[in-house]
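2 protein chains.
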Amino acid sequence: MAVCEILSVGTEILLGDILNTNSRFLSRKLAEMGITVHRHTSVGDNPERLAQAVREAFSRSDIVIATGGLGPTPDDITREVCCREFGFELEFSSEQADKIKSYFERKGIAMAENNLRQAYIPKGGTVFENRNGTAPGMGMKKNGKCLVILPGPPYEMAPMFTQCAVPFLEEYRACTIVSHEVRTIGIGESSLAALTADLLEMENPTVAPYCKPGEALLRVSARARDAETAEELAKPVIDEIINRAGEYVYGVDANGIEESVVAALKERGLTLAAAESCTAGYIAKRITDIPGASAVFHCGMVTYSNDIKIKTLGVKKETIDNYGAVSEETAREMAAGVRRVSGADMGISVTGFAGPDADEPGKAPGLIFTALDAENFLICEKLETGRTDREYNRYVAASRALSLVLKYLKRQDVQ
Amino acid sequence: MAVCEILSVGTEILLGDILNTNSRFLSRKLAEMGITVHRHTSVGDNPERLAQAVREAFSRSDIVIATGGLGPTPDDITREVCCREFGFELEFSSEQADKIKSYFERKGIAMAENNLRQAYIPKGGTVFENRNGTAPGMGMKKNGKCLVILPGPPYEMAPMFTQCAVPFLEEYRACTIVSHEVRTIGIGESSLAALTADLLEMENPTVAPYCKPGEALLRVSARARDAETAEELAKPVIDEIINRAGEYVYGVDANGIEESVVAALKERGLTLAAAESCTAGYIAKRITDIPGASAVFHCGMVTYSNDIKIKTLGVKKETIDNYGAVSEETAREMAAGVRRVSGADMGISVTGFAGPDADEPGKAPGLIFTALDAENFLICEKLETGRTDREYNRYVAASRALSLVLKYLKRQDVQ
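Residue numbers (the numbering used here), protein chains in the order written: chain A, 1 to 415; chain B, 1001 to 1415.
Looking at chain A on its own, in the form it has when it is part of the complex (with noise of 0.2 Å):
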């Protein structure tokens, strides 16, 4: 298998200004190609500390990927020192001057005369297009071994290492690894992998636990020649994780519980309401995330006083004095007069103890109860966290606010 190094270089990553996010987005790429990862290294932009880890790395490995110091400014020294040191001559191209100037023209911006620094590009190489941004990318192969140079910037490396870099590594790929990742809410870590204890065992595809805030999810991970088999494989152990946890899986490869709860809802042509006490915005931000949200989401009441619970939602008095204001009959109630208030189809409702304290006497921050009203139809559920973290608290009441909406649909969808 081919073994590559991964090499990011600038000062600012060194001063701890920016963090080093490249090499874990080149490193799950790579891994998912089949290629060995051995080594991070990080330098600045110092043209003889630089030469010594390009020296270094291709003594011990196949490919080194550089990513950074591609800019415009005397002290962006990747290209130059890279290349000479893989035995690559850097030439003028007047194509890339071209380029770099439309790209100034068409932003309306005058370009520095520097910026022609990056029309250099290497004798023998091959040039990766810049569609987000001015430095051209490259790539070089000697003897077996391979040099990547990347700009910088994650939003222009990221989808230039997608388009480019990874057909140049072709060559290099030792197989086509694929993931999925079914997410669950309402389980916990352990008692999911002991429901799929054998699977956790299998070889290929692979089955791993993973814990969010407030949730659990199994990575299915299948290696094959091509991406087709690999999914073949993937498959039916997905399908059989179903099975066994559906009750508790809201997706796979969902980007968050909120994005199946607008999917699910703009389905059936469903509307929802939120009222949120400890949670206070949150679900209604989470919701809202999605675009196209507004279909399906017209109104959320934060109400953080007992005041504007009675004024806004109706909820009774005494239902707050008799059971106080973090309790399942104030859930129940809340959800019912934001699903009236609205007219929306169902109402979901979160009150609780956020942390980093409690607020009432003999009662613990992470003691959080949420409801769901619809027509004819009610939950409620208590969880209690055991957290002070407010912004887990928080983040995790919400989650499971919106999980009994997929709760709701899934029991309408069996009548």
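Treat the hints with care, since some could be wrong.
To be verified - Subject to a maximum C-alpha distance of 20 Å in a straight line, what follows is the list of computed EDC-like cross-link-like pairs (lysine to aspartate or glutamate):
#1 Lys-1029(B) x Asp-17(A)
#2 Lys-1107(B) x Asp-389(A)
#3 Lys-311(A) x Asp-1253(B)
#4 Lys-1029(B) x Glu-12(A)
#5 Lys-1029(B) x Glu-1171(B)
#6 Lys-29(A) x Glu-1012(B)
#7 Lys-142(A) x Asp-62(A)
#8 Lys-1407(B) x Glu-1391(B)
#9 Lys-1212(B) x Glu-12(A)
#10 Lys-1382(B) x Asp-1413(B)
#11 Lys-1212(B) x Asp-17(A)
#12 Lys-1382(B) x Asp-1307(B)
#13 Lys-1266(B) x Asp-359(A)
#14 Lys-1101(B) x Glu-1156(B)
#15 Lys-1266(B) x Glu-1189(B)
#16 Lys-29(A) x Glu-189(A)
#17 Lys-316(A) x Glu-329(A)
#18 Lys-1107(B) x Glu-189(A)
#19 Lys-123(A) x Glu-91(A)
#20 Lys-266(A) x Glu-1181(B)
#21 Lys-212(A) x Asp-1017(B)
#22 Lys-212(A) x Glu-1329(B)
#23 Lys-141(A) x Asp-62(A)
#24 Lys-266(A) x Glu-1329(B)
#25 Lys-107(A) x Glu-1089(B)
#26 Lys-101(A) x Glu-129(A)
#27 Lys-1311(B) x Asp-345(A)
Derived by calculation from the structure, the hints in this document are not laboratory data. Keep in mind that this is a model prediction, so the values were computed, not measured.
Mind docking chain B on chain A? Use the hints.
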């Protein structure tokens, strides 16, 4: 100046399963001590490759800080390999073993025998107590060089570095750098830079402009022998920035505008309510991210549809028909409406096109109106971000609406 390399150990980093945030954290902290970082290296859980990386790092640098690979399983090799390469012998510490046992007892979890691997410490080294996990860290010094080993999980690593490793590295400290961020909203980065052009030329403290979504900030970094002297150098420059750009400044070292708004309202005993269309809960969510926000924020209305704007906030149908839902007029009536419904001292509102599309022909995503309504007071601001990025537009719109609160309070304070 002492030169340091940071070595991260863990195959999960090379697979791209986790993002290496430790190196960034350590780089920042070392920069504040005047210790130069020349390289970040990540290697997997492989003894030969780790040993090679340790030897290389010490051949170039005075200090090596290794993180990760201190766990209880056989593939956790950092302790053994690093100590051996640096010439320190490990020995079993019954004191450490007792600490590990009592950690598990406190958590009420059975301890696996494996965990006692974490009780081995270097003979002649310094042990760093782990208050957030079981693996102690360690520091060793020899012939002017220094090895520091820290656990991988960031919530264990970061406090241990600050509490134990910083004092251990004190002799390498060249200086103390203190940094403060003056944060602004409502002025662009280039205008802010123009307003402070002479300050940006200073050498100590340095002043550098940065951009965050919807805001510009100036970072003032002063270098001196000790923190007190550095603070004395920074202070007049910070004061001068506030003097020049005060109307845009919302805080120094503030953790976002929401923190400044909650603090300012608390101080004055005033309350706020929010009516949100395109931000749809983001304002409420951000305000209530701040613990104790319940003292100043009781009520938020997410009015995504026109019907709900009319029904719950009392926006006039004619206003929407004549001017559109995304208009100054609608924003004003929303702010007034939520103040009336909630009984709060002031109401703020947002209506706009979040993107990626504009929903209305001829209108661009990123067109946003925000308003604030209070007794005998009304402001409305129009914003055109020129972007289609939904998250960006929503974040910036929420920030801008929150900034109206500080604007209002400043005028009240003057009167």
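Results for each hint:
| no. | hint | verdict |
| --- | --- | --- |
| 1 | Lys-1029(B) x Asp-17(A) | holds, 11 Å |
| 2 | Lys-1107(B) x Asp-389(A) | holds, 18 Å |
| 3 | Lys-311(A) x Asp-1253(B) | violated, 38 Å |
| 4 | Lys-1029(B) x Glu-12(A) | holds, 14 Å |
| 5 | Lys-1029(B) x Glu-1171(B) | holds, 15 Å |
| 6 | Lys-29(A) x Glu-1012(B) | holds, 14 Å |
| 7 | Lys-142(A) x Asp-62(A) | holds, 10 Å |
| 8 | Lys-1407(B) x Glu-1391(B) | violated, 24 Å |
| 9 | Lys-1212(B) x Glu-12(A) | holds, 17 Å |
| 10 | Lys-1382(B) x Asp-1413(B) | violated, 25 Å |
| 11 | Lys-1212(B) x Asp-17(A) | holds, 13 Å |
| 12 | Lys-1382(B) x Asp-1307(B) | violated, 23 Å |
| 13 | Lys-1266(B) x Asp-359(A) | holds, 17 Å |
| 14 | Lys-1101(B) x Glu-1156(B) | holds, 18 Å |
| 15 | Lys-1266(B) x Glu-1189(B) | violated, 30 Å |
| 16 | Lys-29(A) x Glu-189(A) | violated, 26 Å |
| 17 | Lys-316(A) x Glu-329(A) | holds, 10 Å |
| 18 | Lys-1107(B) x Glu-189(A) | holds, 18 Å |
| 19 | Lys-123(A) x Glu-91(A) | holds, 6 Å |
| 20 | Lys-266(A) x Glu-1181(B) | violated, 44 Å |
| 21 | Lys-212(A) x Asp-1017(B) | holds, 13 Å |
| 22 | Lys-212(A) x Glu-1329(B) | violated, 43 Å |
| 23 | Lys-141(A) x Asp-62(A) | holds, 10 Å |
| 24 | Lys-266(A) x Glu-1329(B) | violated, 31 Å |
| 25 | Lys-107(A) x Glu-1089(B) | violated, 62 Å |
| 26 | Lys-101(A) x Glu-129(A) | holds, 14 Å |
| 27 | Lys-1311(B) x Asp-345(A) | holds, 17 Å |
Checked against the numbered hints above, the structure breaks hints 3, 8, 10, 12, 15, 16, 20, 22, 24, 25 and satisfies the rest.
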